[in-house]
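On the provided structure of chain A, position chain B as indicated by the hints.
There are 2 protein chains.
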Amino acid sequence: MPATPHVERHFTAGAAVRDVVIGMADGLTVPFALAAGLSGAIESSGVVVTAGLAEIAAGSIAMGLGGYLAARSDADHYDSERRREEREILDKPEEESEEIEEIFREYGLAEPEVRPLVEALRRRPAAWVDFMMRFELGLEKPRRSRARRSALTIGGAYIAGGLVPLVPYFLVASARDALGWSIAATLVALVAFGYFKGRYTGARPLKSALQTALTGGVAAAAAFLLARLVT
Amino acid sequence: MPATPHVERHFTAGAAVRDVVIGMADGLTVPFALAAGLSGAIESSGVVVTAGLAEIAAGSIAMGLGGYLAARSDADHYDSERRREEREILDKPEEESEEIEEIFREYGLAEPEVRPLVEALRRRPAAWVDFMMRFELGLEKPRRSRARRSALTIGGAYIAGGLVPLVPYFLVASARDALGWSIAATLVALVAFGYFKGRYTGARPLKSALQTALTGGVAAAAAFLLARLVT
Numbered sequence: 001m002p003a004t005p006h007v008e009r010h011f012t013a014g015a016a017v018r019d020v021v022i023g024m025a026d027g028l029t030v031p032f033a034l035a036a037g038l039s040g041a042i043e044s045s046g047v048v049v050t051a052g053l054a055e056i057a058a059g060s061i062a063m064g065l066g067g068y069l070a071a072r073s074d075a076d077h078y079d080s081e082r083r084r085e086e087r088e089i090l091d092k093p094e095e096e097s098e099e100i101e102e103i104f105r106e107y108g109l110a111e112p113e114v115r116p117l118v119e120a121l122r123r124r125p126a127a128w129v130d131f132m133m134r135f136e137l138g139l140e141k142p143r144r145s146r147a148r149r150s151a152l153t154i155g156g157a158y159i160a161g162g163l164v165p166l167v168p169y170f171l172v173a174s175a176r177d178a179l180g181w182s183i184a185a186t187l188v189a190l191v192a193f194g195y196f197k198g199r200y201t202g203a204r205p206l207k208s209a210l211q212t213a214l215t216g217g218v219a220a221a222a223a224f225l226l227a228r229l230v231t
Numbered sequence: 001m002p003a004t005p006h007v008e009r010h011f012t013a014g015a016a017v018r019d020v021v022i023g024m025a026d027g028l029t030v031p032f033a034l035a036a037g038l039s040g041a042i043e044s045s046g047v048v049v050t051a052g053l054a055e056i057a058a059g060s061i062a063m064g065l066g067g068y069l070a071a072r073s074d075a076d077h078y079d080s081e082r083r084r085e086e087r088e089i090l091d092k093p094e095e096e097s098e099e100i101e102e103i104f105r106e107y108g109l110a111e112p113e114v115r116p117l118v119e120a121l122r123r124r125p126a127a128w129v130d131f132m133m134r135f136e137l138g139l140e141k142p143r144r145s146r147a148r149r150s151a152l153t154i155g156g157a158y159i160a161g162g163l164v165p166l167v168p169y170f171l172v173a174s175a176r177d178a179l180g181w182s183i184a185a186t187l188v189a190l191v192a193f194g195y196f197k198g199r200y201t202g203a204r205p206l207k208s209a210l211q212t213a214l215t216g217g218v219a220a221a222a223a224f225l226l227a228r229l230v231t
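So the protein sequences, as listed, match chains A and B.
Everything in the first sequence is counted per this note's numbering, starting at 1 for the first residue and increasing by one.
Everything in the second sequence is counted per this note's numbering, starting at 1 for the first residue and increasing by one.
Some clues are possibly wrong.
To be verified - Here are the in silico distance ranges between beta carbons for each label pair:
(1) B:E111 - A:V17: 31 to 41 Å
(2) B:V188 - A:A127: 44 to 54 Å
(3) B:R84 - A:R83: 31 to 41 Å
(4) A:R84 - B:E106: 19 to 29 Å
(5) B:E98 - A:E106: 17 to 27 Å
(6) A:E43 - B:L225: 17 to 27 Å
(7) A:R149 - B:R143: 26 to 36 Å
Claimed, not checked - Not everything, but these chain B residues come out facing chain A in the computed CB check (under 8 Å):
(8) D26
(9) G37
(10) Y107
If you're looking for bench data, these hints aren't it; they were derived computationally from the structure.
Just so it is clear, CB atoms sit at the ideal spot from N, CA and C, and this is done for glycine as well.
One chain only, chain A, in its complex shape:
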């Protein structure tokens, strides 16, 4: 399924920033919640570190490789839809012209108002295919070369985010004692991350900071309570 969002004018963040946001949003949340959850059930920081690092490895690969394969699928999907559209324009130009009119009919435009545009597109088959991909199917050409870099950025951001809550468990032997430092470090990181995410994506920074902190906090509290219940 297409996972590539449309580019639009007021979106100030570049693709790399976007990948950092995707990876770090989960990286700061899930390993933190897991570590907090285990601290509710297990004494030794060593087990929390082992589980935390295993989670970071699993999560960064699942997100990075998953993102890579999704980007490749998007590109394959685009190419196959494009070949189909090219064939249709050759084989049944009348139906495809009718489809252009249908697109504009949604906006209250009548056939005579659209005809010059339809005729102009019919004289330029390559542009016509581009037009149908974008305006009929809502698909933008995915940049195939970005898949690998995007996967590495997402995975790297997940690792960077996931290490923040684990550092106290490296330094303090008792998981219960490490938990307080882990919560403090991660809440600061979540608020800072949410703030910058809001600034880069055009949302209100303070609202965004509160939302990321809330997500991490609720996830950690649920994991903590569940882990205490089952042990």
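Same frame as chain A, but now just chain B:
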């Protein structure tokens, strides 16, 4: 940032199926890899079950609540861009008309070919705003009411997927012995899930089945090796 992909004609899956796919793709991968990783370092299935359930709680809430907040942000973003576009059409209609021509210039269309369309839109301000939202900004109206149901579907699918690899650890006391059953159960589930995902999203089912199994396998192997290294 807009996370809502464009609807397109050949996308056969409904929104609910899409949410199940999003949740289950991670739910079948990350708890499985975490359980496998811990089995490389820890003897007792009890610890794996505690960590696995804590991860499922954390991951399902992070994905569900994160998705809910992202959907709400998309809706806010759409509304604010729409108000901005409505103002611009009233305040500087000439510039906005010029922007319509710019959109079509990318497709090799000249001003006379586009003029009837521009003039028709100028006579219908409401349709003009709709047109600019879709074709200039590439934004579709997000369905605000779907955010809650979508969050619950994604979180539920994550939980369902995450329980598959954990069941053997409930039944077998030794983590090493449970690992083999967990791998077998999860690989079957990953292949079946990948196959149906491929069918519903229009990708080749067998390729999709191999890709999901590969992602889960690589993540689990990395988590296993890392957990052995640190203990």
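Structure-based check of all given hints:
| no. | hint | verdict |
| --- | --- | --- |
| 1 | B:E111 - A:V17: 31 to 41 Å | 36 Å, holds |
| 2 | B:V188 - A:A127: 44 to 54 Å | 48 Å, holds |
| 3 | B:R84 - A:R83: 31 to 41 Å | 38 Å, holds |
| 4 | A:R84 - B:E106: 19 to 29 Å | 22 Å, holds |
| 5 | B:E98 - A:E106: 17 to 27 Å | 23 Å, holds |
| 6 | A:E43 - B:L225: 17 to 27 Å | 26 Å, holds |
| 7 | A:R149 - B:R143: 26 to 36 Å | 33 Å, holds |
| 8 | D26 | 6 Å, holds |
| 9 | G37 | 3 Å, holds |
| 10 | Y107 | 4 Å, holds |
Of the numbered hints listed earlier, not one is contradicted by the structure.
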